[in-house]
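Trainee: Residue 61 in my numbering sits at position 3 of the sequence shown, and the numbers go up by one each step.
By construction, these hints were calculated from the structure, which means they are not laboratory data.
Just so you know, these numbers come straight off a predicted model, no measurement behind them.
It is possible that some hints are incorrect.
Claimed, not checked - Each pair of labels, with its calculated beta carbon distance range:
id, residue 1, residue 2, range
1, Cys179, Tyr151, 22 to 32 Å
2, Arg150, Ser60, 44 to 54 Å
3, His148, Ala68, 35 to 45 Å
4, Phe79, Arg150, 23 to 33 Å
Backbone N, C-alpha and C fix where the C-beta goes; we use that ideal spot for every residue, glycine too.
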Amino acid sequence: MSILVWLAVAVIGGVGSVARFLVDSAVTRRIARTFSYGTLAVNLSGALLLGFLAGLALGPQAALFAGTAFAGAYTTFSTWMFQTQQLAEHRRYRMAIANIVVSLTLGILAAWLGQSIAALCRG
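Taking the hints into account, I'd like the entire structure generated from these sequences.
Mentor: Listed below in structure tokens is the structure:
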């Protein structure tokens, strides 16, 4: 890979990280609860986006930039797992289990919906 590809991944990944911060912050400001709706919103919208991108069957370079760099930096598996662990550590077991079940179920549905939208766009 060329230095330009590395720089593009770094810049696009930075944009994805900033987008994650903005979306998470906006949702958290509106819905301040023990459950992290901001992380859920980021991960579900990221799954929708990644499903859409996968459904478009992008070339390898575009998939690297849009999927890996942007969507990879935008979504946040580590934060989701940490927040789930924190819920369990504070003996909020039902909420921790709900976080896992809801995130996985809705995440799979969001990815499927993204692919379906891409199929409609392709004609």
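Trainee: Could you run down the list of hints and mark each one as holding or not?
Mentor: Hints, one by one, checked against the model:
1. Cys179 <-> Tyr151: 22 to 32 Å: violated, 42 Å
2. Arg150 <-> Ser60: 44 to 54 Å: holds, 48 Å
3. His148 <-> Ala68: 35 to 45 Å: Holds, at about 36 Å.
4. Phe79 <-> Arg150: 23 to 33 Å: 25 Å Cβ-Cβ, so the 23 to 33 Å window holds.
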